[in-house]
Every structure is written in structure tokens, then in C-alpha cells.
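Enquirer: Chain residues, written in single-letter form:
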Amino acid sequence: MTCLLSAEDVSVRYGSLAALAGVDLCVHDGQRHALIGPNGAGKTTLLNVLGGSTRPQRGTVRFAGRDVGRLGPAARARRGINRIHQRPAVFATLTATENVVVAALPRVIPQRRWWPGARRRDAHHRAGPLLEQMGLADVAAVPAGHLAHGQRRQLEIAMALAGRPRLLLLDEPAAGLSAVEVGRLVELLQALPRAVAVLLVEHRLDLVYALSDTVTVLRDGRTLAAGTPDEIRSSPLVRQAYADGVA
Amino acid sequence: MRDEVVRRARGAVAALVLAGLVVAPWAVDDYTTAILARTLALALVGVSVALLTGVAGMPTLGQTAPYAAGAYACAVLGSRISDVGVVQLAVAAAAGAVLAALTVPLVVHARGVIVLMITLAIGELVVTVLGRWRSVTGGTDGLAGIPAVRPFWGLPPLASDQARYLYALVVVATLVGAVLVLLRTRAGLLLRAGRDDETRLRASGHRVPLYVAGAHVAAGAIAGAAGSLLVVAQQYISPADFGFDTSALLLLGVVIGGTASVGGALVGAALVIAVRDWLFGVLPGHAPLVLGVLFVATVYLLPGGVSRARGRLRPPRAASARSDAPPARDRATIPELRR
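Protein sequences appear in the order of chains A and B. Position one of the first sequence corresponds to residue 2 (our numbering), numbered consecutively onward. Position one of the second sequence corresponds to residue 317 (our numbering), numbered consecutively onward.
No lab work stands behind these hints, which were simulated from the structure alone. Note that beta-carbon positions come from the ideal geometry of N, C-alpha and C, so glycine has one too. Warning: the hint list may mix true and false statements.
[Unchecked claim] Simulated restraints on C-beta separations:
no., chain 1, residue 1, chain 2, residue 2, range
1, A, R234, B, V321, 52 to 62 Å
2, B, A489, A, Q58, 53 to 63 Å
3, A, Q58, B, V322, 31 to 41 Å
4, A, R56, B, D319, 39 to 49 Å
5, B, D561, A, A196, 53 to 63 Å
6, B, G461, A, R56, 57 to 67 Å
7, A, Q58, B, V606, 56 to 66 Å
8, A, S179, B, H425, 33 to 43 Å
9, A, A138, B, A613, 34 to 44 Å
10, A, A196, B, F560, 42 to 52 Å
11, B, T444, A, E9, 32 to 42 Å
12, B, D319, A, A138, 33 to 43 Å
Throw the hints in and build the complete structure from the sequences for me.
Expert: Okay, here's the thing in C-alpha cells:
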């Protein structure tokens, strides 16, 4: 089976510090793939490389068979790689609906292309069901800056889906959420269409095991282990790494 | 419901102000009418500053550059080729847009204070060029005796201050209306999104530099058109009309009015020109002091400007939604000085 997204021999250095040292990764179509590891393992750096906001000193990144290593975040998003940030990034003065419309616009191809406003109208039609799916229909007309943290997270997921992604990069989506909000988040992520592959970076292992079917463990910028959640859970190597890293 | 009432009240106030502006030439003397016409030209530049500062999130001190380009293009055209207003207006807007387009590479990747510095430098450079290119611009003496404009082919020239003022009013009202319509389109939505979070906009797949460049050129065209109105109002221009004090005054007016509001920009620009030109006679030598006090008071008491004063007097909109961020619109009205 070919990889939807593959990273080969990716290395990133910040001065004398090797944040990533020859990491390989393969995410398949529709896969739920988690990246875990102790603090400083290089998880977010790898996500930055895959999302296009950090350029590696060495290695290649391919998406859907094409080298995307030289592309920035915007070009990768247009190809189907969307990212959800650790802190919910929304457009504060725009309403929830407008936020989703803006996110949908680059991937909307209206039927009547040259009709004035056709693109925006189509994006608008796409926003309604997505907000409903995320439980945000009641606050569709509220500026995103006035939404609660959990609602902003849900809005960001709606925005990511509006861009018709083939791969979602989730950077600690549960950060700052209450227990109730985390429960809601897990439901939403479990309900994502299977056509969308997910690469999840998360500290909370209960969430990782609930959401993923493959787990890759990083430590000191290298791949320590990869396997199913059960294999990773029972790996003494991984337990040791967490014990060392967290302590 | 409350928003609907506010919207209607705002529309009624705008209609009243417009009606007042239409009858103003019959209520005041010729000198005041001439000042009002010049104020309209500067208010239109203020709109272009608001478009860049408040809507696109690019605070600028350089809109006097396309303003000057438009004014000189109009003056040269009016003196040598055509006295038809729509032609002059189109050429002035094109001149402003071309100058803005030429400077796009300098500003498109910069933000905040760096944009302020770059645009300030561009404005000063243009004033220097105008002062030295004597064969075309008349140097520091400027261009005088520019023939009165006729709005369309076949119409008589606008010989009185009243007629010139009304011509300026029609042009400003039309262009402001066009800007308001533009802000309701996809372009306006994307500019506001970029102002809120440019990184997020890029992460959604948008070509942000293209939007910034488009806003810069559009604002240049508006400032250029405003330049042609200055020529119509004064029939004389010199580099002194486009110096740093004009840039600072415009930014001051837009901040006072509320950078995210086109109406606020008009009000703010009118206010600072009024203070500068009318207080000049009442309190000789003290106008800059009054302007400074006005600016400090506005920034301290109304950080969102006059146009957002209403927002400080009413409760948050969404009862169910928590507001752990500052009111977003107010925050966005202050020129962003990030990076």
C-alpha cells in the first residue's frame, strides 16, 4: 500500500540542537496515525515540516505521490493538507459562518464559475452543514472572538473540513479543553469521514489510543517505535522513554 | 433586533449627514465651501488609509504618495490635454494605482512598524521627486492656473466654489459607496480575515500576498482619485500638499475615526482638517496642540475610535458565548504593529 504522505530521512537542526535526525514516516489514505513522545521529542517540529511551515535541512516529503518539500503551507493546503493548531486559530472578527466560508473558498469550484458571487455562495452552502455537524449552528452568526475555547476548537475543525482535506494534521487538539469538551472532541474526531487521513500529535495517551490505529513514537528527534496502539502500550521501550522523558 | 435598530439608526444618520453636506454650500460662505471641498479630498484619502490600516491590517504613512501621483497626473492632464472631469478622475486613479503597484514589492511581505517606515520613506521620496522635477511638476513652486474642470463632455466648466464642492461630493459619495460594496464581497471578507490572522489564512490555502497587493493597489487608486479632487478644489498644487504632516494628519484622523470603519475614516479626517484649518484662526498657533490632545484622548477613551464608541456602551452580543478575548472588533481597529 502506497503512502498518502511520506517523510523520508527528515532532519531539522536549530543551531547545535538536532530537533529531527533522519525521521521516516508514512501515513496511508484514511489512516488515523498518532505521533507521541516525551517533551522535546520533535513531534511538533515534524508536524511543522509536514505542514510546510518549517523547511528541513535534509530529507523529502511527498504527498499523493508528489514531492511537496518546496511548497509552503498555503500550497500544501490547496493540495489537501490542512492543519489544526495547538491554540485554536480562527478569524476573531468574522462570524463562525464567515470563518468556515473563508476556509472553504480555496477549494470551492462553483458550477457557474464566472457568475458574480458564485464561489462565495457555494462556500456558504458548505458552511451550514459543517457548523451543524460541529454543534455550532446556534452560534453561526457570533464573531469567533466571542466563542468559548472549546467552540473555537470545534470551529477550527469545521474550517479544516471545509477545505476538503485528504490529510488533517492535528497538533494537540485537546490542549486547554475541559473534560466535557475533550469528550465532545473525541466524538467529533471519531466521526470524521474515513476519506480523511489524520496525523495526530497528542500528549494524552488515552486520547491517542481512542483515536488512532497506528502510533509512531519519537524520542530525541528519532523514531523509537511504531505499531498499533496495543503494541505501543505494551512496549517496554516506550514506557522507559516516557519515564525518562517526563521525569 | 438591537443590531437591526442600530443598523437603521446608522443609515438614518448617514442620510442626514449626506443631506447636510448637499445643502452646506448654501449655508456657509465661499471660503468655508472651498475648505469643505479640500476636506472631502482628504477624507477620501482617509478612506484609502482606513482600507489599508483597518481592513487589511497594514498601517501606512505613505498614502500621500499615490495622492500626489493622482493630483499631478490630473494637473498636467488638465493643463495640457483635457479638462473633462471623468477623464481626469480615471487618469488620476490610474496614476495612484500604478505608483502603488510599483511599491508593492516593498510592502507586501512587511508588516506593522516596518510598513509604516517603508511607506513613510516612499511618501517622502515622492515629495522630493516632485520638488526637483521642475519641468513637469513646477518644482517647489508647484503648478498653478489649472483650468476649471467640466464634469462631462459638453457641460460647462465648474466656475464657482459651490459647483466644485458639489462635484467633489458626488465623486466622494460614489467612491465611498463603491468601497462599501467592495467590503461586502469576497475580497472584503478575505482582507478582514487576513487582518485577523494572516498565518491562518495562509494555512487555509489562500494566496495572502496577492490579496495584500490588491488592497494596496486599490487604496492607491482611491488616493489617486482623491488627488484629482484636490486639483479641482484648489486649481493649484505644490509638494507642500503632500508632505509628512499630511500623512500624519491622515493617520491621526483615521485612528480618531476608527480604522476599521469607512464612515469613521471620513469623520476622523473631517475632524482633524476642521481642527487644523478652523482653529488656525480661532487659536492661532495652537491647532497642533489641540490635535495632540484630541489624539491622546481618543486613544485613551475610545481605543476603537469614534465609530466604535457605541460598542463601549452596550453588553456583549452572545450571552451563551464566553469572551475571554478582548472585543475583537475593537482590538482590530487599532493598527496592528506585530512582527
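Enquirer: Okay, D561 of chain B versus A196 of chain A on CB: inside 53 to 63 Å?
Expert: holds, 60 Å
Enquirer: Lying within 42 to 52 Å: is that true of the beta-carbon distance A196 of chain A to F560 of chain B?
Expert: Hint violated: Cβ distance 57 Å, outside 42 to 52 Å.
Enquirer: Starting from the hint 52 to 62 Å, judge whether the C-beta atoms of R234 of chain A and V321 of chain B obey it.
Expert: Given about 59 Å between the Cβ atoms, the range holds.
Enquirer: Per the hint of 57 to 67 Å, is the separation of the Cβ atoms of G461 of chain B and R56 of chain A within bounds?
Expert: holds, 60 Å
Enquirer: Starting from the range 34 to 44 Å, see whether the pair A138 of chain A and A613 of chain B falls in it by beta-carbon distance.
Expert: Between A138 of chain A and A613 of chain B, where Cβ atoms are some 43 Å apart, the hint holds.
Enquirer: Using the beta carbons of S179 of chain A and H425 of chain B, state whether their distance is inside 33 to 43 Å or not.
Expert: holds, 40 Å
Enquirer: Starting from the range 32 to 42 Å, see whether the pair T444 of chain B and E9 of chain A falls in it by beta-carbon distance.
Expert: violated, 55 Å
Enquirer: State, for the Cβ atoms of D319 of chain B and A138 of chain A, whether the hinted interval 33 to 43 Å holds or is violated.
Expert: violated, 19 Å
Enquirer: May I ask you to test the hint 56 to 66 Å on the CB atoms belonging to Q58 of chain A and V606 of chain B?
Expert: Holds: the Cβ-Cβ distance is about 58 Å, inside 56 to 66 Å.
Enquirer: Would you say the C-beta atoms of R56 of chain A and D319 of chain B sit inside 39 to 49 Å of each other?
Expert: About 46 Å separates the Cβ atoms of R56 of chain A and D319 of chain B, which means 39 to 49 Å holds.
Enquirer: Taking the Cβ atom of Q58 of chain A and the Cβ atom of V322 of chain B, is their distance within the range 31 to 41 Å?
Expert: Cβ of Q58 of chain A to Cβ of V322 of chain B: about 55 Å, so the range 31 to 41 Å is violated.
Enquirer: Is the hinted range of 53 to 63 Å satisfied by the C-beta distance from A489 of chain B to Q58 of chain A?
Expert: holds, 57 Å
When the structure is compared with the earlier hints, violations turn up for hints 3, 10, 11, 12 and for no others.
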